[in-house]
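2 protein chains.
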Amino acid sequence: MSNEKVLVFGHKNPDTDTICSALVYADLKSKLGMNVEPVRLGEINEETAFALNFFQAEKPRLVENVSNEVEQVALVDHNEFQQSVSDIESVKIIEVIDHHRIANFQTKEPLNFRVEPVGCTTTILHKMYRENNVEITKQMAGLMVSAIISDSLLFKSPTCTDEDVEAAKSLAEIAEINLDEYGLDMLKAGTKLENRSAKQIISIDSKEFPMGEKLVEVAQVNTVDVAEVLARKEEIAEEINATIESKNLEVFVLAITDILEGDSTILTYGNGVAKVEEAFDVAVTENTALLKGVVSRKKQIIPALTKAIG
Amino acid sequence: MSNEKVLVFGHKNPDTDTICSALVYADLKSKLGMNVEPVRLGEINEETAFALNFFQAEKPRLVENVSNEVEQVALVDHNEFQQSVSDIESVKIIEVIDHHRIANFQTKEPLNFRVEPVGCTTTILHKMYRENNVEITKQMAGLMVSAIISDSLLFKSPTCTDEDVEAAKSLAEIAEINLDEYGLDMLKAGTKLENRSAKQIISIDSKEFPMGEKLVEVAQVNTVDVAEVLARKEEIAEEINATIESKNLEVFVLAITDILEGDSTILTYGNGVAKVEEAFDVAVTENTALLKGVVSRKKQIIPALTKAIG
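Residue numbers (the UniProt record's numbering), protein chains in the order written: chain A, 1 to 310; chain B, 1 to 310.
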C-alpha cells in the first residue's frame, strides 16, 4: 500500500450513511496503514448532525473538487459518477464500498470494488473491521449503527437485511445505546422541516438517475407530519419546476416519507408524470399520490421508475 | 439464499482463468447451498484442455444464451457486457467475481460485486474458500493454480501480485504439483498454433473494448516461436481486415507473446494504427512492432490504448 494521500467520500447531498461511512472507512483504513482523509460533498443534514453530536465526532471537511489535492480517491455509499464529485474522472479510484445498483461507473484499471446487496454501507464496513481484526471503538460503533438506523428507517425499509439487523444489534452494544430510543430520536431530528426553505426540502436528499435517454430526479424527506409539508406545496412546486427546467429532467419525484406509518406521499412534476402513474399503478391527482408501504427509494421507487421510463 | 438455479460463466473466447473460475465458483457455492451450474460461452483452448485433463475435470457445458433456461446468473472473470453472453441484459446478475477494470456494466438493483486488483480471478475465489471455511479439494486446487499460472504467465506478468504468488504456492501443495514444471508444460500446451487456422489464431483469446466512440479489438496468443506465427502474416492480415470491416473496428491488435522472453510482437491493422504507435511510443513497420517487456493485455496494452484512443 503506497502512502500517497487518499480522500474518501460518499455521494452528493450527503445522508447519514454517506457521512458516517466516510468517517468509518478513514478510521479503519488509517489503522491498516493508509494515509486517508474523509471529506464530504455537501452540507450535513439535521439527522446526521444529531448522530455526529451524540457520538462527539467531527464532520468531514467540505470539498468541491478533489483533483486539485490528490491523485487517488475511495468512494463509499455510491458508485454512479453523476452522484460523485464533479472531477471524479480526473482521479484514480482505488476502492469502492457500496450497497447500491452499479451504473455509470467505469475505470481504466482494476480496483477494489465491493458492493453487497445489504441495507447500509456501514454493514459492509462492520464486516471489514472483523475481517481485518481491527477493534471497533465506541464512537465508530455509534456512527455505524446510526447509518443503519437511517438507511433502514429503524428496520422498516424493505432494503433492510438480516445482516443489517445483526450488525446494528452488535454495534448498539458497543455504542452503549438503546436501539429504539436512540433510533427514534435520531430519525425525528431529521424531520424538522419547518426551518427549511422549499429549495432545501427538495435537495436535502436528492439524487439524479439517467433512465434510457432521460434524466430523472428523486428526492426524499422523512417526516412525522406529512400535512405540514403538503401545506407548502405551492412553493415546493415552484422549486421543482425550476429544477426540471435547469436540468432538463423528464420527471421530478419528491417522496415525503412518514417514518411512523411507513408510507410515502409523492409530489411529482414534469413530462413523465404519466410514467410515474404507470410505475406505481396509482392515479396522480394534482401532482400528488400516496404510495402505500413505500419507504425505499433504492428498492421500491427507482426500480419501478426504471422499468416504466428506462 | 433461494434455491432457484443459477448459471455461472466467464467471458467469451474463454481462457483458463475463465473456465476454471466457473468450475471453482460452482464447487464453492454448491457447497454453500446454491443451486448452480458452470457453463461456458465458447470453445476450450489447448492450454485449458491440458489443465482440465491433468486434474480430470469435465469441461462446463457450452451455451449460446442463458435467458431461455434461467432468470439468475453469476459472472466470473469479466464484467463488461460486450464480453458476456449476448442476452445478459435479459437476466438478473446476482454476483460478479472479477479482477478486470469495470466498464459497460450496470444493474437495476444492488448485487454482490467483488473486484480486486489481483492477477487472477481464482486468487479471489481461493480467498473465498478460506473466508467461508470450505475445504479445497486437490482437483479444485489444481484448477485454481492453473488459472494463476495462465494469467500471470508463470508469474512473469506485471499483473501478478504477491497475493497471486502466495495463493499459487499454497494451492500447488494441495494439488501436489511442481509449480515450474507443471506451469511450463501447461503454458507450452497452449502455444501449439500450427494446427490453427488464421481465423482461430486471432480469436482464441480476443476481446473487444469500446474506447470513447470507437471499438477496438485486442487478441493475444502465447508462443515459444514468434517467427512461426509471423510466417503466416498474410493470411492472418486477411482475417483481421475482415474482422475490422464486419465489426467496424477502429483498430485490431494481435499480440504474439513470447512466454520465454516476456515480450510481445504485435500485428496491427485499421484506421487507428497511428494511435497504436502513439500508445506504445514505437514505429509500426509493415503493420508490426516489438513491444519490449509487454505481456499483459489488461495492465499494459489496454490502458495505453485507452489513453491514446479513448
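Bear in mind the hints are in silico, worked out from the structure with no lab data behind them. Among these hints, one or two may not hold up.
Since the list gives no way to pick one copy over another, a pair counts as held whenever it fits inside one copy or between any two copies.
Said to hold, decoys possible - Here are the simulated lysine to any residue pairs, SDA-like style, with alpha carbons at most 25 Å apart:
no.	residue 1	residue 2
1	K108	E163
2	K138	S203
3	K169	R232
4	K299	E208
Status of the hints after comparison with the structure:
no.	hint	result
1	K108 x E163	between (33 Å within a copy, 22 Å between copies)
2	K138 x S203	neither (32 Å within a copy, 56 Å between copies)
3	K169 x R232	neither (38 Å within a copy, 67 Å between copies)
4	K299 x E208	within (15 Å within a copy, 33 Å between copies)
Consistency with the previously given hints fails for numbers 2, 3, ordered from lowest to highest.
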